[in-house]
Amino acid sequence: MLSRRRCNSGTPALRKLFIASSVVRKQEMDSVVALFGVCKRYRQRIALDDVSFAIGRGEVVGLLGSNGAGKSTLLRIITGLVRPTCGEVRLFGKPLSPTVRSRIGALIERADAYPYLMGAENLEIVLRLRGQSPTRSHIEALLERVGLADAMDQVVRTYSYGMRQRLGLAMALAGDPELVILDEPVNGLDPRGIADVRQLIAALQRAGKTVIISSHLLSEVELVATRLVVLRDGRIIANGALEQLLSRVASHATIETVQPADVVVELLNRRWNVEKIRPHAVRIAAEDVHNAVVHLIAAGISIRAVIPERSLEQFYFAATT
Amino acid sequence: MIVRLARLELWKIYRKPRSWIAFAAIAVLVSIVHVVIFLQGEQLTALALQGIEQYLQIEGQYVHGYLVAFIVQGLLLVHLPFLVTLVAGDLLAGEAAAGTLRMLFLQPVPRWKVVLAKVLALGLYVASVVVFLAVIALGGGVLLFGVGDLVVLKSAGVVVIPSGDVLWRFVAAYSYNWLGLMTVALLAMLFGSLTDNALGPVIGAMAVVIVMTAIALLDVPLVAQLSDWFFTTHAAAWRLLFDSPVPTMQVGRSGAVLVMHCVVFSIVTVAVVERRDVLS
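Quick note, the sequences are listed as chains A and B, same order. To convert, note that position 50 of the first sequence is 49 in our numbering; the numbers rise steadily by one, no gaps. To convert, note that position 250 of the second sequence is 504 in our numbering; the numbers rise steadily by one, no gaps.
Since the hints were made in silico from the structure, they are not lab data. Small disclaimer: the values here were computed from a predicted structure and weren't measured. Don't take each hint at face value.
[To be verified] If the Cβ cut is set under 10 Å, some of the chain A residues that face chain B in the computed set are: (1) 98; (2) 103; (3) 105; (4) 128; (5) 129; (6) 186; (7) 188.
Virtual Cβ for every residue (Gly too), placed ideally from N, Cα, C.
Bound-form chain B, shown alone (with noise of 0.2 Å):
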């Protein structure tokens, strides 16, 4: 049942023309960046090398597909859980909206297996968008600029990962950043099942993102603690997959941290459309 509810879910999504924004935006940044780098390659690795080119000697192409995928990750930080909040807002309160929520308990379908079935066709979604990206960027990149020994500039260091350990560091980083991108999409699900309208749980979701990556700014003990379970903190640990060896325990740490979050965010948006009137 659910995997039937999940599949008419999806192709829902897939029919709506503002679940294709996402495409369009990845392809037109990543194509931006794309030839940024292809006409000005040498500038910027002579910028971002700025001030530690005494202590390395690098030989060889230092701007190739993989550094092109790893910038375009950490460029797209912000974009991308804006894009797919898009549709996550969308799934409840669009449908509040557009009075099709009601359409959908009438049916003899309990209300908890409907958004279960939601958050599986989300979760394909998101999925879709983040392989997507892989394509673009990665497989671009590397069509486009090659391969080669990734070199990362890290605020402890330089990483220089070889060219033949880097692809399962990208296949884990892009299934962490589904990860992360799934909880704000959660976020933004759990803000649709309180309102009707489509575009609050989108500018509701991103201002807890922009409240919480400021909060954790702050220099301040408490706020380091409380910090430590946002999840906006742990979002961007996909970095941590780059080092060398790579810090298994504080990736799975964030792992289960962004993991509790999508859970709970997910019961709570049950327990809401569970006890929910819906008037509209």
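Just chain A, with the same shape it has in the complex (with noise of 0.2 Å):
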């Protein structure tokens, strides 16, 4: 738990930096999401140690970690479904209560629905738990959202995985919700399904809406998520901005210039290994780059860009191994 003394004495350098602690502290409370040494126990296995972190409006978060990393159990403590053994969650700055619950939808792990009933009378019954009375064609729309509506009268008994998943994601955009988690979104969807899924995730951004979303499909998360938090045997390895995460693993680069890339190799090649990969482009190793930048600018080449080729996977493989 984070101190709750009030700066009444102390040295001015202390006080400044309590003043300092606290303006970050207030910054943290307000934001949608803020975790403060949240850890969870169960029995002698330590599922989360010591997770702080906050999220702001409008990001899009992408969980990473391997199995057993402590992503759901994280997402489950945010939403409720588990109480942290230690640490403090607050949503929109205040602790959870239905209150703050209303202005969060959810689908953790898989989406379940009662079997004996139609899609849209499973999303009439979470509607009307959100304190709604819902009207078929407000179902018919919400249904429709996650390409659903033409079986919003079938038994979802009689639903495959994938039409599940859009139920759940249905209900987790049930109410309009603020803040949005989605564990596992695209399990069991097809291409066309996980396309839908980030035009969804694209328009629930666009609309202001705060996104948390876990998934395996590295490539998904790094097309969606402005801000990664990544956790490995319950603890937070890394925690940024996508862009500034992925910079850091680089393995290489493409040069772009406004010479031929033919040039631009006949120069380089003496020194550095360099593949022309278009007309004006060329590929160098990370480490090279800023030595055949300045080689190259000396040389009378003009730069057009410096492009870092990365890819999530190569962040997390680097994170997490």
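Fit the two chains together into the complex; they arrive one by one in their own frames, and the hints show the way.
As structure tokens, then:
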């Protein structure tokens, strides 16, 4: 737990430090999600250990980690399904309560619905639990959003896994929540469904919603996330903007020049391993980029851009192994 | 809010196929009893009155709708709790197994309200089962066999209740049965809050009923004191409503013990659910 002492003594430097930390604390308090030293133990097993981070409004956060890293536990703690052993969770600056929960929509692990009810009826239950009196057109519009309107009157027992997942997404979006938490949302979806989820998340982001997405499909996370939080053995090992984190692991870079690539290759090949990839672009190892660019400028080559090559997969393996 | 939630829960209960097993089983069992009594009523009467016929002279109809309903009530003493635990055990454990409990607890409703709504819905469901039993057993019995003075054989002797004095006793007995069934159902629900297996609570609750009943049969003073607080001991107190005069204090005490069990089971269920990590 963070200290709640009042700053009424100490040296001016200490006081300044305390005020600075208070400002940080205040900012975290105002975040959509703020975790302070959260841990979770299941008997002897530590599922989460001292996890602290904050998520601001409008962010799309990719939560990554291998199986058993603590992702689902973390999402369950944020949504109140699991109680933390220690630490504090604040959502929209407040502890979790029904009022706060009404601002959250979540699909945790897998979409489960009452198999003996129709898709529309399942969604109606969720909407009613959220204090609404939904009309059929309201339900249909929500299901239309996830591409399930045609099957709304089918009993869920007859749904495929992908259709259930779509229903779970509709349930997560019911009540127009400000924070949407999606744990493995593309599990079981076909390529069309995966693309739909991607568009859905983009639409949520455009609407100013905050999204937390956990997925093993790194390419999908890379396409939608603006920020990453990476867990290993219950601890955060990376937390930052996607671009910033990925740039750390770029193995190669592309140098685009005004002059033809053949000229550039001719100039650089004597000292570094370079390959032409386009008429005006070459590929070079990341650690050689700086010296190569200096060399090219000295040789009078005009450089249009230097683009580091990186992928979330590279970053993920570098971070988690 | 609670009423709204309870309506949702009740709607879910009646949409579940297993909820209709109780109604189907009651219809089948009671029909079998009706047919047997219709075909062999005279032999059964002779069998029932064997040994006391020299002290008793019965004029008129001994087997009629009231007696049939009374017999059915005794016969279904074990079956009915089992049938209601099928639904009660499913309310939390079944939802946990299916993953829908997670969906419920993700919504902006306090867990205790969800549990309370389930208790209310369960109460209404059990009431509908009892009403159905009353309609089939008593209503059907009266239609098939007519009415008459009710002769009830008890260990202490024979009680003859005039036909005009019977109906209110049945209403009270069915109400009391509802309370007894609710006690077992709430125990199953409590077990359901501890597990993700929908069958476990049914087996657990029935095991408790069997064990308590067996312990109560032991003729030991300590056990007698203990069993006086078992809900199983008091669940059969509906029979006292067919005494003349009705021992109201005894019935009231038995009813109070059942109510106490219901309250305790409900509170413990709420406490368990409130603290429970939803991992399914």
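Now the hints, each set against the structure:
no., hint, in the structure
1, 98, "7 Å, holds"
2, 103, "8 Å, holds"
3, 105, "5 Å, holds"
4, 128, "4 Å, holds"
5, 129, "6 Å, holds"
6, 186, "13 Å, violated"
7, 188, "18 Å, violated"
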